[in-house]
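Student: Chain by chain, the residues:
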Amino acid sequence: MAIDQSKIRNFCIIAHIDHGKSTLADRIIEKTGTLTSREMQAQVLDNMDLERERGITIKSQAVRIVYKAEDGQEYIFNLIDTPGHVDFNYEVSRSLAACDGAILVVDAAQGVEAQTLANVYLALDHDLDVMPVINKIDLPSADPDRVAEEVEDIIGIEAQDAPRISAKTGLNVDQVLEQIVHKIPAPTGDSKAPLKALIFDSLYDSYKGVIIFCRIMDGTVKPGTKIHMMATGATVDVVEVGYFGAGQFIPCDELAAGMVGYITASMKDVKQSRVGDTITDANRPCEEALPGYKKVNPMVYCGLYPADSAKYQDLRDALEKLQLNDAALQFEPETSIALGFGFRCGFLGLLHLEIIQERLEREYNLDLVTTAPGVVYRVHKTDGEMIELTNPSNLPEPSSIEYMEEPIVSAEIMVSSEYIGAIMDLCQERRGVYISMEYIEETRALLKYDLPLNEIIYDFFDALKSRSRGYASFDYEMKEYQKSELVKLDILVNKEEVDALSFIVFSGTAYERGRKMCEKLKEEIPRHLFEIPIQAAVGGKVIARETVRAMRKDVLAKCYGGDISRKRKLLEKQKEGKKRMRQVGNVEIPQEAFMSVLRLDED
Amino acid sequence: MKSAQVYIHVPFCKRKCEYCDFLSAPMGEEARDAYVKRLIYEIKNSEWAQKGIFVPTVFLGGGTPSLLTGRQIKSIMDTLFTNFEVAEDCEITMEANPGTVTKESLKAYREAGINRLSIGLQSANNEELKALGRIHTYEEFLESYELAREEGFTNINVDLMSALPYQKIQTYRETLEKVCALKPEHISAYSLIVEEGTPFYEKYREDVARLERGEDPLVLPSEEEERLMYQDTEAYLKKWGYHRYEISNYAREGFECRHNKGYWMRYPYLGFGLGASGFTGSIRTKNTADFKEYMEKEIVPEREVIDTEAAIEEFMFLGLRMDVGISKEAFLREFHKSIEEVYGEVLSKLKEETLIFEKDDRIALTPYGRDVSNYVLAMFLR
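Residue numbers (our numbering), protein chains in the order written: chain A, 1 to 603; chain B, 1 to 382.
Hints listed in this document are in silico derivations from the structure and should not be mistaken for laboratory results. All C-beta atoms in this analysis are idealised placements derived from N, C-alpha and C, irrespective of residue type, glycine included. Do not take every clue at face value.
To be verified - Result set (PhoX-like, lysine-lysine): computed pairs, CA atoms no more than 25 Å apart in a straight line: (1) A:K168 - A:K192; (2) B:K337 - A:K575; (3) A:K558 - B:K337; (4) B:K286 - A:K558; (5) B:K349 - A:K579.
As the list claims (entries may be wrong) - Interface residues of chain B toward chain A, partial, derived using beta-carbon atoms under 10 Å: (6) L23; (7) G197; (8) P217; (9) V219; (10) S282; (11) E304; (12) D307; (13) F357; (14) D360; (15) Y375; (16) L381.
Take these sequences, add in the hints, and give me the full structure.
Tutor: Shown next, in the form of structure tokens:
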């Protein structure tokens with residue numbers, strides 16, 4: 001039952017956040033009858049609670065749709081949903097690699113936005129044909145003609161015949177379907193050639209084992225085929241192949257060149273199949289692997305501790321489960337004097353960290369304490385040894401350190417010309433080294449900077465957005481390690497060092513960071529019966545200090561028969577606050593304080 | 001329950017003071033009349049009426065009970081006398097506000113059985129009184145106080161407040177001097193607490209936040225000044241023969257308020273009137289705080305069961321408010337385990353921090369512990 005390749009369309013939808021990507025996906029699925037409207041739950045593809053709530057897509061999802069076009073022919077659409085945030089670019093890349101074209105959704109009122117551009121360029125990088133769609137024409141402020149012009153002027157793609165739709169109401173979605181047939185190219189693989197398939201995602205099912213999501217570039221795969229993963233070297237027998245119904249896996253006889261589907265092979269070990277790897281036929285291998293995409297290494301590390309130390313094992317279980325379909329998440333056990341037993345975890349970026357943290361709290365019901373995020377530093381010791389430092393507490397004695405290196409990223413910032421100055425200032429403040437600037441068109445420029453990663457992991461993205469009123473997009477990739485003047489900033493609370501608050505910082509900004517830390521902690525630490533000095537120190541030398549004043553008077557003046565219950569509640573509240581504290585020496589530090597360093601730059 | 005103190009709530013005032021978070025509002029004569037009738041109905045129909053319950057103390061609080069006429073007070077008291085075994089030497093207190101009493105009304109209150117008057121002065125400084133939103137001046141207080149003496153009230157309390165907006169250590173001291181010279185039998189001196197939901201809270205929100213952060217406020221006295229005012233109260237009143245027996249209460253020999261001590265020693269009490277609380281020893285009750293509901297619907301108080309654990313906690317946090325503190329033996333008698341068994345660790349920690357001390361059978365707050373009593377008392381909750 002071979003499917004004619006010319007009847008297949010593999011595409012994704014790209015858009016700026018909130019321009020209606022997921023709504024359009026839903027509508028396409030609904031229109032093609034893949035799901036009846038009764039079965040339809042809003043935003044089918046975003047199936048994590050968190051995704052739906054935040055309105056963002058975190059994990060790639062795919063669905064196969066059958067569409068009967070005006071020419072009377074049936075076409076198979078494989079729609080692959082992609083995440084939008086820069087942290088998840090690796091996910092976007094891998095989804096795009098499985099497509100032949102992309103639908104670009106642009107809001108008819110807001111027009112082209114920063115992320116619109118970033119996504120278009122990403123799609124063009126993957127040689128995808130981009131087909132614009134103007135959405136939300138039902139809005140009173142919609143101006144589809146202007147937006148169509150904008151798309152042509154700024155992005156440089158034909159947009160006059162772009163469908164003008166309302167994904168919300170379903171208006172003109174038919175035109176989108178019809179254009180997919182004509183504007184998105186059909187795949188061009190050779191199903192007789194040796195098997196070559198790209199793994200773009202995977203998940204773990206307790207019955208079927210690992211389920212590999214793949215795009216077949218060349219060749220054919222069917223149950224019984226002995227497949228070989230070219231990077232991991234694993235060889236397994238295929239048990240089942242199939243495609244994606246909405247929310248379910250539908251087995252079929254074979255997957256041939258041009259198709260998108262899944263493969264199971266009773267694999268119990270998730271490490272055997274790596275996203276980005278190339279699958280081939282063990283008995284008839286292809287000559288070379290697909291380029292795949294960059295291996296993802298955590299860029300940001302932080303400590304995650306259970307608020308209730310009895311939940312340590314639960315946290316470990318939860319992290320293990322999350323890791324199954326999030327290969328970028330890494331963790332290893334660590335111990336803190338202040339926080340007890342926990343894990344040092346590695347993430348792709350701050351959003352990734354935040355998402356994992358929220359999923360742990362929500363899906364696994366864990367209450368967490370997070371320490372300040374940091375990057376991986378290279379410490380070169382005088383004895384020639386080099387340590388990759390992910391936890392500031394493990395920094396060796398200063399006397400044994402020859403020098404240290406920090407990771408530098410190449411950053412590309414796309415920005416409207418009017419904000420160039422502001423963004424350059426920002427990069428300057430963050431120790432950026434200017435590389436180049438080129439005008440993409442009259443009003444838009446591409447700025448290139450080398451930036452230390454540790455300067456962008458806190459709030460760079462937010463600062464960028466606010467200084468450009470949202471008109472800047474930002475992408476980065478790891479460039480190299482560079483020698484740098486780095487110091488460990490220690491925080492002493494009532495003269496005791498709090499290990500979980502230490503962090504590595506560029507020596508030039510140590511004083512300012514230290515001062516802000518002390519100020520923040522002063523706000524966070526409740527008054528005790530005694531005065532509490534809060535000090536920031538570098539190499540044993542105090543560089544900043546604040547004091548939490550002693551509580552001198554704290555009395556409920558009245559307590560009579562009518563308000564005993566109420567007064568008890570007040571006292572209970574006071575007591576309850578203590579339960580959420582961590583004891584360091586004789587000072588109780590609220591758990592929030594350990595996270596407050598994340599928000600040092602908020603005014 | 002063989003005996004119980006009685007509390008009666010009168011939720012009326014002439015004008016709501018700006019710091020007041022008590023259940024009270026200005027209301028017309030008609031409402032007051034209807035309320036008194038309802039109160040009498042509640043007392044008569046109480047499950048405790050006509051059971052020979054012995055009543056050692058009665059307290060009419062408010063609001064401003066002195067807004068009720070002598071006749072109204074008498075009808076309430078008579079209802080109590082006929083339904084309960086009111087003790088021969090019963091301490092019967094009524095709260096009164098300066099400027100709301102006359103020679104006649106005071107005479108009638110006396111005749112109704114009131115033998116202790118608690119007058120809300122708050123401050124002898126007219127500026128401070130104004131800032132509080134009080135309806136009277138110091139001079140009007142003096143007049144009412146003297147009238148009360150003339151009418152034979154031999155047991156009078158005067159309420160004072162420290163830590164008021166714009167108050168200085170000096171002006172507070174002047175208030176103390178003026179009041180002591182009048183030689184009331186009892187003085188209650190409260191530190192102002194700015195309660196949420198009061199106009200004061202809106203006005204001094206910024207200062208409250210500053211105080212919470214340990215910073216100096218703009219208008220309210222600083223924490224340090226507040227502490228000094230508090231310490232000055234004890235030192236100064238001592239000279240005039242008043243001893244402190246609870247965090248905010250001072251009396252001359254033999255005039256401690258028996259009714260209020262009952263609360264801290266966890267005697268049972270009955271509460272009548274809008275929003276009034278009662279306590280049977282194991283159950284705490286509370287009447288509705290909704291005026292219309294109290295007047296029209298069946299009076300079914302909310303009940304809160306005080307289990308042993310809660311009782312132990314109350315024993316500690318109420319008992320320790322008193323200067324005599326708590327008796328270890330009484331603890332053992334009531335809860336059948338030693339106090340050390342329950343609170344050994346807490347007690348030794350607090351002793352180490354010099355917040356409490358132990359002497360013979362008793363455990364009490366040190367002066368330091370009294371300054372930060374919330375911290376100490378909260379330690380006894382679990």
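Student: Identify every previously stated hint that the structure contradicts and give their numbers, smallest first.
Tutor: 1, 3, 7, 8, 9, 10, 12, 13, 14
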